[in-house]
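Taking the hints into account, I'd like the entire structure generated from these sequences.
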Amino acid sequence: MSLQKAKKGVVLAKTMVLSIVMIGAIGMGFVLTGEVYGYGTNYGYSPVTTTGYDYNPGYEYGPTYTYGKIKSNIVKVDRCYQSYNGVWVRRFGNKRYYKLKDAMKDTGHGLREYEFKCYGNDKYRVAFRDVFVSYQWN
Amino acid sequence: MKKEFKTIYKQWPQVAAVFVFLFYAINRVWMYARYSAAGFGYDTGIYRHIIRGYFERLGDSTLPSFGFSSFSNSLRFLGTNTDDILFLWYILFGMLLCVVFYVVVKLYTKNNIISLIALILFTTSIAQFEFFWWFYYRNLIGLFFVLLSFLFLYYRSYLLVLSLFIIGTIHPLSLVPIGITLLIVFIYDKEKRKYLFISGGVSLLSIFAFNFQEIVSYISLAMQKTLYVSDASKQSSAELTGQFISLDFYIRSAFLYIFFAFAGLIFYGKKYKEWSVFLIVNTILFALGILFYRRFLIFFDVAAIFFAAIFLYYFLQDTKQSKLLRVVAILFFALMFFQSGYHMVSKQPLVWSHEISYIETIDSMVPEDAYLLTINSHYAPWVQGFTNRDVIAPGMFEYDEWVFEEWQDFWHGEDMDVRFDLLRRYDRDIFIFLGDRDMWYSDVLARDSHFIRIKDYLWQVSL
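From first to last, the protein sequence lines stand for chains A and Y.
Residue 44 in the working numbering sits at position 44 of the first sequence, with consecutive numbering throughout.
If you count the second sequence from 1, you need to add 1000 to reach the working numbering.
Just to be clear, a hint being listed does not mean it is correct.
Residues on chain Y that point at chain A, a partial pick, calculated with CB under 7 Å [to be verified]:
1. Ser1217
2. Ile1219
3. Phe1255
4. Asp1318
5. Leu1324
6. Leu1325
7. Arg1326
8. Val1328
9. Ile1330
10. Phe1332
Take a look, some chain A residues computed to stay more than 10 Å from chain Y by CB distance [said to hold, decoys possible]:
11. Lys7
12. Lys14
13. Thr15
14. Leu18
15. Gly24
16. Ala25
17. Lys69
18. Tyr81
19. Gln82
20. Tyr84
21. Arg96
22. Leu100
23. Met104
24. Glu115
Taking lysine to aspartate or glutamate pairs in the DMTMM-like style, the calculated list, with each CA pair at most 20 Å apart, reads [stated by the list, open to error]:
25. Lys99/A - Glu115/A
26. Lys105/A - Asp1318/Y
27. Lys14/A - Asp1436/Y
28. Lys69/A - Glu115/A
29. Lys1273/Y - Asp1189/Y
30. Lys8/A - Asp1189/Y
31. Lys101/A - Asp1436/Y
It is worth saying that the hints were derived from the structure and are not from the lab.
Think of the CB as a built atom: it goes at the ideal place given N, C-alpha and C, for glycine as much as any other residue.
Written out as structure tokens, the structure reads:
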């Protein structure tokens, strides 16, 4: 094998190493999922996913959440734009957009966790599940 | 013009460093600019309370010794107000930290491009962003002087005495990794032995003389709670971890450079012995789970960045020959900026600005001798820092007289009389603060006329 070929091989290997590390970083959830981007996404309104933080030295009163099965509906709108924590929609011929934010809330059907995703430009999908709150202490 | 362009082109690493520093400045100011006092982490309120309290009670011998107060009191004497010390000086130290890191890397490596790479890694490090955001004020000053110690060590300057003294006084924990590192250097490096013996000895004696009480309290804490966090109770262990990011979070956030750091240590560790020792010492301190061990990740990260930058510099030498590698390398660094930028803009505060505004109005509605009770330990530091009232909080501060089971009764109990009995233990009036997270509790309070609503977020107890 010539020296030139060996050099090319080294360069290719380096390129691959860099690429693998980049893909690994993306896979670690730091570009696509947003799961670990800071504490407090929807805080107070939906259970905070594991943050890796251990910040509070006092007692915590937080409840325990138990979830029901996920159900979903597709809703037709005039226009839908995806946001990082919900969707912006316009409907019934109105020009104003309003936001449907991913959250845990009670809209008359008991406490549910809602998640909104645009489904094309003129529909959104709302996924929801019942949430049961209990205060159990370990 | 052409000549000037050529000069700039020759100095491109320095020019690029200025732009990277601009990104760093935006990155560090972002949360404060967006959310004001609510923009920083859990310790903000605690520091506000400390800065104000130690100055107001200057000379009070009952106050526990706290080296940081020497720093904050000096600034207060110079006419700086509490919030300027809290935010302006904190941000200033944050900026200086970046500058001193760049200078130190340049000094040790004597290479502009390695310094630039290190600056990029430091600027885009999510661990460093989190560290700054959580408002570990003393730790930040500690890190700043740890880096300055490396600078003085390089020149064998006796200013090292001063920097070690400041670290040991303001944040003794930061003295542990740098102290052990210097001790190891003292053992293996004959040339620096005398210099380190004098510097280390004088600074240690000065620290003990000036801050003896605080040092003893740390030693006694280690004795009481056991040196290893895993042996502590569940409640204590949360606090004794150092309350910083977990190893899992760190690896995910530092994935882009962590492997290169270890590769750098293996290949170039011998050339930069002091930094190798520093990296290894911090790794061991973290791995052993010693008191406040998570904070050692901050020092570890700085050393890791140092070696990652050196390794990446040599690793990417072939970019001149390969266009593909050049493109991938550019994407690699772009991903760092993207990752950091995305993390920054997605970050949400622990409390909202309007909650801070509510808390700040409390002093005008609550008598001076009344207690202010927060049912949520999450809000406790802000309530303590942004009011002048004595605060009762779950499991925190000096006025909490209830054990956890009693707090459970207070939060969730069916019997209102149990709540009243608990409240009667205090001999002064009590007002209850509810943050946005606590609004469910207003239903509990509204059930009984002994609780009088003043605002949605403030209730008076009338027994």
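Legend entry - Violated hints, by number in ascending order, as checked against the structure: Violated hints: 1, 2, 7, 9, 11, 12, 13, 14, 15, 16, 20, 26, 27 and 30; rest satisfied.
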